[in-house]
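Asks: Sequence:
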Amino acid sequence: MRGNATDFAAVVVLAMALLFWPSIRAGATEPLPPATATIHTADAADQSVRLLARKPFLSNPAAHADAPEIVFVAQQDGTQGSAGGNAQTGAGMGQMDSNGVVSGNPGASNVVVGTGWLGDYLGINRNGWRFAGLNITDANGLSGGVVPGWTANALTIVDISLDLEESMGWENGLVGGELLYYSGGPTNQNAGSVMGYNSLDIDIHHRAEIYALWYRHHFADNRLSIRIGKTITTYDFNNVVVGAALNDAAYDIAAVSSLIFTPLYLSPTQYNVVPGYFNSATGVVTTWIPIKQTYIKYGLYDGNLAAGRQVGTEGPRFNGYVLHMVETGCSWGLDKGELTGKFGVGYWAQTGVLQAASGPVDGAQGIYLFGSQRLTYEHRDVTNEGLLAYFQFAGTNSAFVDTQRYFGCGLTYIGLLPGRDDDSVGWGLAYGKMSDDPALDLGADEAILSWYYQWMVGPNCFLQPNISYIPNPADSPGIPSALPVTLRAILLF
Numbered sequence: 034m035r036g037n038a039t040d041f042a043a044v045v046v047l048a049m050a051l052l053f054w055p056s057i058r059a060g061a062t063e064p065l066p067p068a069t070a071t072i073h074t075a076d077a078a079d080q081s082v083r084l085l086a087r088k089p090f091l092s093n094p095a096a097h098a099d100a101p102e103i104v105f106v107a108q109q110d111g112t113q114g115s116a117g118g119n120a121q122t123g124a125g126m127g128q129m130d131s132n133g134v135v136s137g138n139p140g141a142s143n144v145v146v147g148t149g150w151l152g153d154y155l156g157i158n159r160n161g162w163r164f165a166g167l168n169i170t171d172a173n174g175l176s177g178g179v180v181p182g183w184t185a186n187a188l189t190i191v192d193i194s195l196d197l198e199e200s201m202g203w204e205n206g207l208v209g210g211e212l213l214y215y216s217g218g219p220t221n222q223n224a225g226s227v228m229g230y231n232s233l234d235i236d237i238h239h240r241a242e243i244y245a246l247w248y249r250h251h252f253a254d255n256r257l258s259i260r261i262g263k264t265i266t267t268y269d270f271n272n273v274v275v276g277a278a279l280n281d282a283a284y285d286i287a288a289v290s291s292l293i294f295t296p297l298y299l300s301p302t303q304y305n306v307v308p309g310y311f312n313s314a315t316g317v318v319t320t321w322i323p324i325k326q327t328y329i330k331y332g333l334y335d336g337n338l339a340a341g342r343q344v345g346t347e348g349p350r351f352n353g354y355v356l357h358m359v360e361t362g363c364s365w366g367l368d369k370g371e372l373t374g375k376f377g378v379g380y381w382a383q384t385g386v387l388q389a390a391s392g393p394v395d396g397a398q399g400i401y402l403f404g405s406q407r408l409t410y411e412h413r414d415v416t417n418e419g420l421l422a423y424f425q426f427a428g429t430n431s432a433f434v435d436t437q438r439y440f441g442c443g444l445t446y447i448g449l450l451p452g453r454d455d456d457s458v459g460w461g462l463a464y465g466k467m468s469d470d471p472a473l474d475l476g477a478d479e480a481i482l483s484w485y486y487q488w489m490v491g492p493n494c495f496l497q498p499n500i501s502y503i504p505n506p507a508d509s510p511g512i513p514s515a516l517p518v519t520l521r522a523i524l525l526f
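Sequential numbering of the sequence shown, starting at 34, is according to my numbering.
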């Protein structure tokens, strides 16, 4: 796969360079328009929560009166899920309008989480400071699978950030950090699922850590950004969940879907390699905007997750285990009234000797692509109600990874029921083809079907019942089909 994937990455980079070169050459010194600068962002700390709250927080690192407004539309700077915006960083900064879909796991898809109302209430959110967070709690009833019965999970993330320009005049600087606490049970293990029907569940059933600690800076009229520190890789790369922030309630999309299965937020072909929720890692991410509505992104991370270390709770190591990620993409339909969409393609490479089930292997590589599209508006120019769709594909040939190929797709309808404009309903499919390594003793493949309805109880609170069906759990051959029912509560503060 190394040769094929490398050739693929080279072709992608060359194609993008040829495509963008005329515009880059003609407008290399032309800054992005002050009020419409478009940056793709990719923060996916917890894609389950859709950040609401249309009013920009004065202390929001992405919103200050003097800075150009940056609309994070795809996934690029890592601030919207990661850390990269000046004014409106979309789902990542918790600045979205209440109309839309809240990510089913905001801790996996958004770099800056929550809405900030608690920080406003406590008087913290001023002079560049922003205090916010979220809590997600769910209960799961399982029929079939390995161990039928009930499990529960709870996740709390507290986020604090400081806009250095607003607080001390340090132009284009932003720092942020997050604390994570999780407690739960063997939810996916009981179902026998390799890919995971519940994205909140983690292998370690009690976890407390510094989830993020980073500094981000914009350069070259916001065309270039660098973020360094401890971050969640899935905020910046392969983040299909992040929607579009167009600063108009009729068009904003906080999240493309609120499905709860894990593959929506982290590709199964990257499990135990790419840091994300809950194992964040230290690294550097650089994002370049050659022309509006396009981006090229490169990340270099501590790769010791693949060496079996808990990088989320341990300090960075520089011992030959390094993860490289590169992604490019574009968005379209950003003018009001148009059908918004985005597309991205990426390549990753892990270095070092990895211990696969059948013996040591030299590194691992893989590719992925994703896209999303608004299909309809129910009331154009009035609300953002309507139909959305997404797709995902990923592949690797590494013997270190259980899932060799992955495909996912889903549909979301915002405002399906009369008088419930802020609710959403959705369906999704995740399908993975497993490794045929006899030492793993896995099933041949696994499919997860999922349906949900997300009910907005209040401006910062959501209830979400979810039904999943796994006809062929792949943790080992012969596991009975599993039917989990989940009730999830999401509180943003």
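FYI, nobody ran anything at the bench for these hints, they're computed from the structure.
Please note: incorrect hints may appear among the correct ones.
Said to hold, decoys possible - SDA-like, lysine to any residue: derived pairs with alpha carbons at most 25 Å apart:
#, residue 1, residue 2
1, LYS466, SER176
2, LYS466, TYR502
3, LYS466, LEU372
4, LYS466, PHE424
5, LYS466, GLY177
6, LYS466, ARG413
7, LYS466, VAL394
Asks: None of the hints should be skipped; say for each whether it holds.
Replies: Outcome of the hint check:
A C-alpha spacing of about 24 Å is found between LYS466 and SER176, which places the hinted pair at or below 25 Å, so the restraint holds. Restraint check: the Cα-Cα separation between LYS466 and TYR502 comes to about 17 Å, which is no more than 25 Å; the hinted pair holds. Pair hint LYS466 plus LEU372 does not hold up; C-alpha atoms about 33 Å apart against a cutoff of 25 Å. A hinted pair counts as satisfied when its Cα atoms are at most 25 Å apart, and LYS466 with PHE424 qualifies at roughly 17 Å.
Restraint check for LYS466 and GLY177: satisfied, since their Cα atoms lie roughly 21 Å apart, inside the 25 Å limit. The straight-line distance between the Cα atoms of LYS466 and ARG413 is roughly 40 Å, outside the 25 Å bound, and the hint therefore fails. With a C-alpha separation of about 20 Å, the suggested pairing of LYS466 with VAL394 holds against the 25 Å cut-off.
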